[in-house]
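There are 2 protein chains.
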Amino acid sequence: MWQLYQFPLCPFSRKVRLLLGEKGIGYELVRESPWEKRDEFIDLNPAGRTPVLVDAERGTVLIESAAICEYLEETVNQAPMISGTAVNRAEIRRLTIWCDEIFHAEVGEPMMRERMVKRLVHRQSPDAGALRQAMKAGNVLLDYLDYLLDHRTWLAGATFSLADLAAAAHISVADYLGGIDWRGHEQTKRWYSGLKSRPSFRPLLSERMEVISPPAHYDKPDF
Amino acid sequence: MWQLYQFPLCPFSRKVRLLLGEKGIGYELVRESPWEKRDEFIDLNPAGRTPVLVDAERGTVLIESAAICEYLEETVNQAPMISGTAVNRAEIRRLTIWCDEIFHAEVGEPMMRERMVKRLVHRQSPDAGALRQAMKAGNVLLDYLDYLLDHRTWLAGATFSLADLAAAAHISVADYLGGIDWRGHEQTKRWYSGLKSRPSFRPLLSERMEVISPPAHYDKPDF
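Those sequence lines, one after another, are chains W and A.
For what it's worth, full-length UniProt numbering labels the leading residue of the first sequence as 1, then goes sequentially.
For what it's worth, full-length UniProt numbering labels the leading residue of the second sequence as 1, then goes sequentially.
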């Protein structure tokens, strides 16, 4: 049985969980708070980051969400999420990286730092300016997703893919932390509403991170 | 003919160039300075980052170095660089991401910001404290590479792989900018010396970035 080391608001772990769910792969959750820098976790992953996917029986340790997703894609035929021509696959990977790096750096990471890490670790109040800047950046990045969804059925093209899972994972964390202003983003809102209704997404939406409550609309498919 | 949008000290472009070189794929260089935020380049890649690999005749535009490397690996059989079992491939990808994210964030990015961007764009002097911190971080990260090379022939295992190309690309940029103290890193130094001697690496080592000179040892395979 796979064990996934993660915490509820880790967007990279959410991406892997959505992929595991879509592919129908069973797994157990292991709670890991990377900011605690637990020795045993650093031994497992010297970079100290979640997610890590472990099969203790086989001695398999998979690290870095992108490497984990590629592994699952290569080893499980069901529900292919990096499919199509080589050019299609490059576009799926481009947008997945866009979510993991650009969206995360400009929106997810500052929201997590201000509203989660400061509260849980440093017992500090969030910086209002940093929150405003993250929401403003999120607004611009959601415009880009609106643009893509104006021209395509799914984010990377005609097919549902890892790019959709990655975007939903990152948006869900920012949304939980009150970082998404949905006004004026009808295309992305409609697409996200569909994602929220998928069986792979339901368990994530019902989870809560200690101390921090999401806004009322967070887990509603119609919002 | 492929055209690669890049600048000489972009580590992600260097990784792609090493892979193109190893696979024997011809390409032209197009100089792009992403900090200029040129409109035509933003049209090509909304994220505004190098490298971008373009085949104008076929209308193919490939964005994000990880997506480009996977594309080249999928479409060109020669010199496979993400090979072996699914677990081997996951390890190659983990270490490639480790270089692209951890090494870059802690060493490459601060070295580039302090010694390149500040000089070329802001006409400022580097911050000595930031440089010291990057070199200190580099020392710790090179210890990890030493450890890997104590146990393995190549970084990701028994086979020369994309992880070696990625590490060489990132180290070469930090080394150009005077950010690597090689003392005490005999394993990594021996490995890097072998990398520097490869035909794929020679063209990169002979290039210079305007205004900025590398240290004397930079392009010498024996250093």
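Check each hint, because a few of them may be wrong.
Unchecked claim - Which residues of chain W face chain A? A few of them, derived with a C-beta cut under 7 angstroms, are:
hint, residue
1, LYS37
2, GLY84
3, ALA86
4, ALA90
5, ARG94
6, ILE97
7, ILE102
What the hints assert, rightly or not - Taking lysine-lysine pairs in the BS3-like style, the calculated list, with each CA pair at most 27 angstroms apart, reads:
hint, chain 1, residue 1, chain 2, residue 2
8, A, LYS220, A, LYS136
9, A, LYS136, W, LYS37
10, W, LYS136, A, LYS37
Hints in this document: simulated from the structure, not taken from any laboratory.
Values in this document were obtained by computation on a predicted structure and should not be read as measured data.
Beta carbons: idealized from backbone N, C-alpha and C, even for Gly.
Results of checking the hints against the structure:
no.	hint	in the structure
1	LYS37	violated, 14 angstroms
2	GLY84	violated, 11 angstroms
3	ALA86	holds, 5 angstroms
4	ALA90	holds, 4 angstroms
5	ARG94	holds, 5 angstroms
6	ILE97	holds, 5 angstroms
7	ILE102	holds, 5 angstroms
8	LYS220/A x LYS136/A	holds, 24 angstroms
9	LYS136/A x LYS37/W	holds, 20 angstroms
10	LYS136/W x LYS37/A	holds, 20 angstroms
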